[in-house]
Amino acid sequence: MGDEQGKSRQGDEEEPRIGVYVCHCGVNIAGVVDVEEVAKYASKLGNVVVAKDYKYMCSDPGQKLIQEDIKENRLNRIVVAACSPRMHEHTFRKALEEAGLNAFLVEMANIREHDSWVHMNQPKEATEKAKDLVRMAVARARRLEPQHKPRVKVKKAALVVGGGVAGIQSALDLADMGFKVYLVEKTPSLGGKMAQLDKTFPTMDCSACILTPKMVDAARHENIEILTHAEVEEVEGYIGNFRVKVRKKARQVLEDKCTGCGLCADACPVEVPNEFDHGLGVRKAIYVPFPQAVPLVYTIDDEACLGCGMCEAVCGPEAIDYEQKDEVVELEVGTIIIATGFDLFDAKRKPEYGYGRYENVITGIEFERLVNASGPTGGKLLRPSDGKEPHRIGFVLCVGSRDEKAGNPYCSRVCCMYSIKNARLYKEKHPEAEVFIFYMDIRAYGKGYEEFYRQAQEEYGIRFIRGRPGEIVEDPETKNLLVRVEDTLLGMPLEVELDLVVLATAIEPATDSEKVQRLFRLSRSADRFFAEAHPKLKPVDTLNDGIYLAGTCQGPKDIPDTVAQASAAAARAAIPMAKGEVETEPIVAFVRRELCIGCRICERACDFGVITMVERKAQVNEAICRGCGACAAACPTGAMQIRHFTDEQIYAMIEAAMRDEPEVAVKEVEG
Amino acid sequence: MSEFEPKIIAFMCNWCSYAGGDLAGTSRLQYPPNARIIRLMCTARLDPAFVLKAFAEGADGVLVAGCHIGDCHYVSGNLKAEKRVQMLKKLLPELGIEPERLMLRWISAAEGERFASTMKEFVAEIKKLGPSPLRGAR
Ligand SMILES: Cc1cc2nc3c(=O)[nH]c(=O)nc-3n(C[C@H](O)[C@H](O)[C@H](O)COP(=O)(O)OP(=O)(O)OC[C@H]3O[C@@H](n4cnc5c(N)ncnc54)[C@H](O)[C@@H]3O)c2cc1C
Ligand code: SF4
Ligand code: SF4
Ligand code: FES
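As given, the protein sequences belong to chains A and B, one line each in that order. Residue numbers for the first sequence, in the numbering used here: 3 to 673. Residue numbers for the second sequence, in the numbering used here: 5 to 142.
25 Å max Cα-Cα, derived SDA-like pairs, lysine to any residue:
| no. | chain 1 | residue 1 | chain 2 | residue 2 |
| --- | --- | --- | --- | --- |
| 1 | A | 517 | A | 330 |
| 2 | B | 87 | A | 606 |
| 3 | A | 188 | A | 264 |
| 4 | B | 87 | A | 650 |
| 5 | A | 540 | A | 577 |
| 6 | B | 124 | A | 30 |
| 7 | B | 94 | A | 636 |
| 8 | A | 66 | A | 36 |
| 9 | B | 132 | A | 124 |
| 10 | B | 57 | A | 653 |
| 11 | B | 57 | A | 650 |
| 12 | A | 251 | A | 224 |
| 13 | A | 517 | B | 86 |
| 14 | A | 247 | A | 610 |
Going by beta-carbon spacing under 7 Å, a handful of chain A positions derived as facing chain B:
| no. | residue |
| --- | --- |
| 15 | 88 |
| 16 | 127 |
| 17 | 523 |
Treat the hints as calculated values from the structure; they're not laboratory data. Model, not experiment: these values are computed from the prediction. All residues carry an ideal CB built from backbone N, CA and C; glycine is no exception.
The shape of chain A in the complex, shown without the other chains:
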């Protein structure tokens, strides 16, 4: 196919008949750029048969205008001068197709984002720039060629990365739709942060009670295969056919034999801090992170294990296998959902609050573990310094959130609410306690949240002090804490003495998100969370086709939003799998064989192993070519080209950018 297309451009093809459409975009463009003048100018360019300006080209009547002209004036190339092609190229491609023209015969000139919006006070210059951009687009349009989107089959299997509530929800939805799902979790159990929480705002459901049934459902589902203690190592391919390598780390316990009885852990002599309780409690060297873990299979912590053999001696089903090796599993999937969640801001990065130095300064997640019945203290909140029940507790919000200095200008969205939740919980059990919340603003945006906050103020008598504490100081004897804060409502400095301070630490991108980003070729937004394809219209898609986002890996979220987004991601991922095939980008490399001298430079330039030499000429495997263009840029003879981005098309644009064209006969112009 490649060679004919290369040649079909040369002469024997019918003359380009171009229609140019200049959009007003209401006043967005027309308020700055003289659109009529641009249309008039366009009408004088070579091969332009009609040039028009219109209020909204993307609207139905706008598209109809093009479609009618295609028929009446036998147009075979279209130029739309409007917004960014990243916005509406797709719309116009569809319109062309409906009118019987190949979708790739439209070219857009970006006179909004790159012109009227950025040169608002220079209407004259903006109009001149619009003319240049239109002339460049026309020059390229003359050389556009029809392209055909190859269709690829989509494997009816999905990979979900991350087994928090987001990953679990996406996996369950896809599995219920009948697709095979591989759910990969890096820790030994599903559950994520939600498994560590005590109650959940605003309804105060017990977190484990609503989460563990979902974990069990996932484990039992015939379409779900769970790989825990596992990480993705390699991803190849594209939508429909991703090939993924997953390393299942050795647990040194055989999953199919372990019954989860726990005799091994009883026998194990080694105790280490339990990360599930943020180091507040201990676990053994052979452990499950928490009692309701899924799968309920023990894991040996390599670093802590002495190799004493005590566990092996007591294990009835002979599940212990010290010789077990990592296993690399290869999966083939059609779509991928990323649900790798978040990590918490390290409170030591705000030394003025003394976390890590003062025993009685703890974090919100530690509080959750301490009040949890299955936590290290059996649910009794005691002061770390002396084991006494605290009487005066203060919650400090926005620790590392909305904080430029900490590098996190964003709001973590859950800290206000979970701090109020925890304050209320403590008040319920200890009505006599004095509870303070130090806040900048209270963000109670969700359903029932404002009401929950109001009750905390009015019915629970929790004291809200508006101000970000400047400093916390410890009394070395009593280990009590003095919080220094400017009450910005009263406009005066305050000092509050407390027994315990709880820091609401920011939600941050997961620590390994950079690795995940590279592995899956994702982008990140300015806040460092993974970027969605469009903030409004494609909130769960990524720019990498076939890969979707769920949960807090995309930005801070509470559980309801996480679950909703996870279901949305599952629905999006299901579309190509349900269809069974997708069209892929035709923008790939092709060879003009007659020009190829067999030098193999392109073969080396390609990072994806796309090019091979056949009869001493380069050959492209279109199915795996990504269309980056490295080969074409390196080819010394111009033999290697990229469809839709050929040398001629690019040179034509460079020339058009620099030179005006001689006028041709005046043609039809319409308003």
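Starting from the structure of chain A, add chain B with the ligands where the hints point.
The following block gives chain B with the ligands in isolation, referenced to the frame of chain A:
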């Protein structure tokens, strides 16, 4: 005589820098209107000959912008572009063109501000250098 207004050709990758330009637009950041952008899928496509062609046509400056290192949607297209730009910067003086007339910048899709400031900076730099010695030589 009116002030010298440079003509600049910019080659930008679709995923990061072109999108950064879109964001500058949506954010209504104002910058000088001198550049004409040619969109490539990736800076990997940047044939050094495109840059030479732009200068030969009389461009006063050429800007190449792509994703930050590590963010290229095709893994290392931007590294390849970086090598080519370095090579070109050595070559340009041979043609009588100051190497400062060629600029390489990494601009992400989230960096509308950086896009606008790059435009301002580059236009100012080229104004200082004055018209390209190849202008009108065509
Ligand atoms: C102290 C605190 C209290 C909260 N209280 C509430 C509340 O009361 N109500 C409420 O609605 N919300 C609350 N939240 C928010 C809630 O925790 C989150 O909305 C929810 O946990 C997000 O789920 P997730 O699946 O996106 O992320 P996570 O829970 O972080 O799950 C991500 C999972 O992915 C795994 N993972 C990460 N990287 C990889 C990788 N590379 N490969 C494989 N697996 C990986 C992780 O191990 C983890 O299991 C609270 C948050 C905090 C910090
Ligand atoms: S366009 Fe990129 S991926 Fe395709 S063959 Fe050329 S270098 Fe390889
Ligand atoms: S670089 Fe060009 S000439 Fe050399 S083998 Fe590749 S296509 Fe042929
Ligand atoms: S995609 Fe932006 S530089 Fe490669």
